[in-house]
Amino acid sequence: MATDASVIDTDDVLTQAKAWRDAGKGVALATVVTTWGSSPRPVGSQLAVSDAQEMIGSVSGGCIEGAVVTEAQQVIDAGAPKLLDFGVSDEQAWEVGLACGGKVQVFVEKLD
Amino acid sequence: MKSSTLTALLALRSDKVPGVLVTDLGSGAQTLLREDMLGGELTLGAEGEQAASAALREDRSRTVEIEGRKLFFQVYNPPLRLFVVGAVHISQALAPMAAMLGYDVTIVDPRQSFATEARFPNVRMTHDWPDEALARFGPDRRSAIVTLTHDPKLDDPALEGALRSPAFYIGALGSRKTHGLRVERLRQAGFSEDEIGRINGPIGLAIGAKSPAEIALAIMAQVTETLRRGPAPAADRAS
Numbered sequence: 001m002a003t004d005a006s007v008i009d010t011d012d013v014l015t016q017a018k019a020w021r022d023a024g025k026g027v028a029l030a031t032v033v034t035t036w037g038s039s040p041r042p043v044g045s046q047l048a049v050s051d052a053q054e055m056i057g058s059v060s061g062g063c064i065e066g067a068v069v070t071e072a073q074q075v076i077d078a079g080a081p082k083l084l085d086f087g088v089s090d091e092q093a094w095e096v097g098l099a100c101g102g103k104v105q106v107f108v109e110k111l112d
Numbered sequence: 001m002k003s004s005t006l007t008a009l010l011a012l013r014s015d016k017v018p019g020v021l022v023t024d025l026g027s028g029a030q031t032l033l034r035e036d037m038l039g040g041e042l043t044l045g046a047e048g049e050q051a052a053s054a055a056l057r058e059d060r061s062r063t064v065e066i067e068g069r070k071l072f073f074q075v076y077n078p079p080l081r082l083f084v085v086g087a088v089h090i091s092q093a094l095a096p097m098a099a100m101l102g103y104d105v106t107i108v109d110p111r112q113s114f115a116t117e118a119r120f121p122n123v124r125m126t127h128d129w130p131d132e133a134l135a136r137f138g139p140d141r142r143s144a145i146v147t148l149t150h151d152p153k154l155d156d157p158a159l160e161g162a163l164r165s166p167a168f169y170i171g172a173l174g175s176r177k178t179h180g181l182r183v184e185r186l187r188q189a190g191f192s193e194d195e196i197g198r199i200n201g202p203i204g205l206a207i208g209a210k211s212p213a214e215i216a217l218a219i220m221a222q223v224t225e226t227l228r229r230g231p232a233p234a235a236d237r238a239s
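Residue numbers (our numbering), protein chains in the order written: chain A, 1 to 112; chain B, 1 to 239.
Treat the hints as calculated values from the structure; they're not laboratory data. Some clues are possibly wrong.
[Stated by the list, open to error] Coverage of chain A stretches by chain B, computed from C-beta distances (three or more under 8 Å per stretch; other residues unrestricted):
no.: 1; stretch: 8-17
no.: 2; stretch: 20-34
no.: 3; stretch: 76-83
no.: 4; stretch: 103-111
[Stated by the list, open to error] Listed below are the simulated DSS-like cross-link pairs for lysine-lysine, each with C-alpha atoms no more than 25 Å apart in a straight line:
no.: 5; chain 1: B; residue 1: Lys70; chain 2: A; residue 2: Lys103
no.: 6; chain 1: A; residue 1: Lys82; chain 2: B; residue 2: Lys16
no.: 7; chain 1: B; residue 1: Lys70; chain 2: A; residue 2: Lys82
no.: 8; chain 1: B; residue 1: Lys210; chain 2: B; residue 2: Lys177
no.: 9; chain 1: B; residue 1: Lys2; chain 2: A; residue 2: Lys18
no.: 10; chain 1: B; residue 1: Lys16; chain 2: A; residue 2: Lys18
no.: 11; chain 1: B; residue 1: Lys2; chain 2: A; residue 2: Lys25
no.: 12; chain 1: A; residue 1: Lys82; chain 2: A; residue 2: Lys103
no.: 13; chain 1: A; residue 1: Lys18; chain 2: A; residue 2: Lys103
no.: 14; chain 1: B; residue 1: Lys70; chain 2: B; residue 2: Lys2
Nothing here was measured: the structure is a model prediction, and the numbers come from that model. Note that CB positions come from ideal geometry on N, CA and C, so glycine has one too.
For reference, chain A alone in the conformation it holds in the complex:
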């Protein structure tokens, strides 16, 4: 059965990533590879990012997506993958982290 367009699953993320790539855009794929404690999205959750600032999917409840998108742009430019660690958010506003108190590790790779 056709899935409602408003509900995004893994297949939609991969399909969209390929569509962006086929359209000649730079694309990075971010995947939650490890979690500790309470974390908003389970291991395997994915976010695809294009160099036109588009994104689909999620790796958290929204708390670290901004930082992941920024890192993803660098991965698209540099080509080498990155393993990012996110922990508990600092009181300081510029420190990116998870309000829920969990920790996640996100792998960001470029789509060749």
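Chain A is fixed; fit chain B onto it per the hints.
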């Protein structure tokens, strides 16, 4: 990720074949292991292959450190399946709700006037008898089966087929009294108490559901609870 890997991954999804994508988190090198074939740029030792099959069996992605390398095993299993016996009003709410939750839905009803494209747009339907349909589709441990017809002629063969399968969830619509009679018939048919205890009846979490959509919600809530937490003790259910 190489574009060939992404293409292979999308093919795996459309073929509905289980697989594991293994990524070396240091170098980014990857290998896609399909249950039906092997191949990729990353060489896995025996330990790596064991971790891949464990991840697949448990349907749980994980990162494992093997010989100094951090490897991420991402499980790509085919979608969960839901077999709905009875193309009734509740099913019209249940089918889109289940699809939204990631289930591949099949409606089973030999009554052609019930199971119509107009009532169930874009939903897979079969007019086979429920026992034949279940035998053909082969529900596995990632399948849920619900019977909603209220008619023993249709529900009973479906439940017998369901009990012979490893489906993770079986539910039957009907009052406590109806369910009591159903349990008696299944006993007569030779099913044990443990086997019959797998059936959630009356179906759904007790949230006071009244409308067809609310009953569908109660059913999918119970299916989700069973998927994520395992089956509730029989004593906690039909009470």
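Checked hints:
1. 8-17: Check passed, 6 qualifying residues.
2. 20-34: Since three or more residues must qualify, the claim that chain B covers the stretch 20-34 of chain A holds, with 5 doing so at under 8 Å.
3. 76-83: Result for this restraint: holds, n = 3.
4. 103-111: holds (count 5)
5. Lys70(B) to Lys103(A): Holds - the C-alpha atoms of Lys103(A) and Lys70(B) are around 18 Å apart, at most 25 Å.
6. Lys82(A) to Lys16(B): Roughly 30 Å separates the two Cα atoms, so the pair is violated.
7. Lys70(B) to Lys82(A): 13 Å, holds
8. Lys210(B) to Lys177(B): Holds, at roughly 18 Å.
9. Lys2(B) to Lys18(A): 11 Å, holds
10. Lys16(B) to Lys18(A): Between Lys16(B) and Lys18(A) the Cα gap is close to 19 Å, so the pair holds against 25 Å.
11. Lys2(B) to Lys25(A): 15 Å, holds
12. Lys82(A) to Lys103(A): 17 Å, holds
13. Lys18(A) to Lys103(A): 29 Å, violated
14. Lys70(B) to Lys2(B): 19 Å, holds
The earlier numbered hints that this structure contradicts are 6 and 13.
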